[in-house]
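Peer 1: In case you want the letters, here they are:
2 protein chains.
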Amino acid sequence: MVMDDTYFMKQALLEADKAAERGEVPVGAVVVCRGRIIARAHNLTETLNDVTAHAEMQAITAAANVLGGKYLTDCTLYVTVEPCVMCAGAIAWAQTGRLVFGADDEKRGYQRYAANSLHPKTEVVKGILAEEAAARMKAFFQSKR
Amino acid sequence: MVMDDTYFMKQALLEADKAAERGEVPVGAVVVCRGRIIARAHNLTETLNDVTAHAEMQAITAAANVLGGKYLTDCTLYVTVEPCVMCAGAIAWAQTGRLVFGADDEKRGYQRYAANSLHPKTEVVKGILAEEAAARMKAFFQSKR
Numbered sequence: 085m086v087m088d089d090t091y092f093m094k095q096a097l098l099e100a101d102k103a104a105e106r107g108e109v110p111v112g113a114v115v116v117c118r119g120r121i122i123a124r125a126h127n128l129t130e131t132l133n134d135v136t137a138h139a140e141m142q143a144i145t146a147a148a149n150v151l152g153g154k155y156l157t158d159c160t161l162y163v164t165v166e167p168c169v170m171c172a173g174a175i176a177w178a179q180t181g182r183l184v185f186g187a188d189d190e191k192r193g194y195q196r197y198a199a200n201s202l203h204p205k206t207e208v209v210k211g212i213l214a215e216e217a218a219a220r221m222k223a224f225f226q227s228k229r
Numbered sequence: 085m086v087m088d089d090t091y092f093m094k095q096a097l098l099e100a101d102k103a104a105e106r107g108e109v110p111v112g113a114v115v116v117c118r119g120r121i122i123a124r125a126h127n128l129t130e131t132l133n134d135v136t137a138h139a140e141m142q143a144i145t146a147a148a149n150v151l152g153g154k155y156l157t158d159c160t161l162y163v164t165v166e167p168c169v170m171c172a173g174a175i176a177w178a179q180t181g182r183l184v185f186g187a188d189d190e191k192r193g194y195q196r197y198a199a200n201s202l203h204p205k206t207e208v209v210k211g212i213l214a215e216e217a218a219a220r221m222k223a224f225f226q227s228k229r
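The listed protein sequences correspond, in order, to chains A and B. The opening position of the first sequence corresponds to residue 85 in the numbering used here, with each subsequent residue numbered one higher. The opening position of the second sequence corresponds to residue 85 in the numbering used here, with each subsequent residue numbered one higher.
For the record, the hints were derived by calculation from the structure and aren't laboratory data. There's no promise every hint is true.
Any copy, or any two copies together, can satisfy a pair, since identical chains are not distinguished.
Derived lysine-lysine pairs resembling DSSO-like cross-links, with alpha carbons at most 30 Å apart [said to hold, decoys possible]:
#1 Lys191 - Lys205
#2 Lys210 - Lys191
#3 Lys205 - Lys228
#4 Lys205 - Lys222
#5 Lys210 - Lys102
Generate coordinates for the entire structure from the input sequences, incorporating the hints supplied.
Peer 2: As structure tokens, then:
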């Protein structure tokens, strides 16, 4: 099995599915450090009654906990949907080495509101399994109507 | 005693002092709902080894916990220093009714990187006890040199 961006994004999509099963907006994230997944998380804002409980925020906190340090310089954060402003800010503070996301979020994504908020050293890759991530979001919001 | 913005900002400054005592960047926050302080927090990024542990983030999480709902529509968040991009995003998600901050943060503040990221309904007041907040920041960073 090839451990590439697609492989790790599939793992993030599995997390998004866990969120969907709980009735949460289906976004999932994993943090990979030297080829190993060190944190997995999914959106839990409804369950925890907490707007800060996005997948990325929890993944960053968990990864720092595993590493014993607060910087993710040598890590890649995979997230199924474009991070919001809050999460982009956290990704910046963590000095995340790489950010890989799937679907764009034109309404709430950081690219619209805070395009220059990431750390200058963070490499960004987008569009990995974007259709799969977007399909989950679409199905979720249609079910809420 | 008059319970005005200056009064509540003094409470936030007391939180900033607690952060300074721990060797943390001295930022404090309180959340006030209908004249009552429902959450107090100070920056704990070093103590918790977590870039997301800013005063505002913890205050928002704690306030939502007290209210039993994730929106702070009827609340005012007081914070001694201008929120960063991450915190501005969280303040937006919480649909915070009012944001009152003290000193500007020209380097990391949301006004520079994400000026339009707050919720359109959030009223913003700045400059309350700004000198007191800035003096604490200055003393902290000078002690680190």
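Peer 1: Now tell me, hint by hint, if it's right for this structure.
Peer 2: Cross-check of the supplied hints:
For the homomeric pair Lys191 and Lys205, the shortest alpha-carbon distances inside one copy (26 Å) and between copies (17 Å) are both at most 30 Å. When the C-alpha separation of Lys210 and Lys191 is checked against a cutoff of 30 Å, the pair qualifies both within a copy, at 16 Å, and between copies, at 27 Å. In this homomeric assembly, Lys205 and Lys228 come within 30 Å of each other (Cα to Cα) only across copies, at 24 Å, whereas the closest approach inside a single copy is 39 Å. For the homomeric pair Lys205 and Lys222, the shortest alpha-carbon distance between copies (27 Å) is at most 30 Å, but the shortest distance inside one copy (32 Å) is not.
Taking the shortest alpha-carbon separations for Lys210 and Lys102, only the intra-copy value of 22 Å comes in at or below 30 Å, while the best inter-copy value is 41 Å.
Figure legend: structure checked against the earlier numbered hints; every hint is met.
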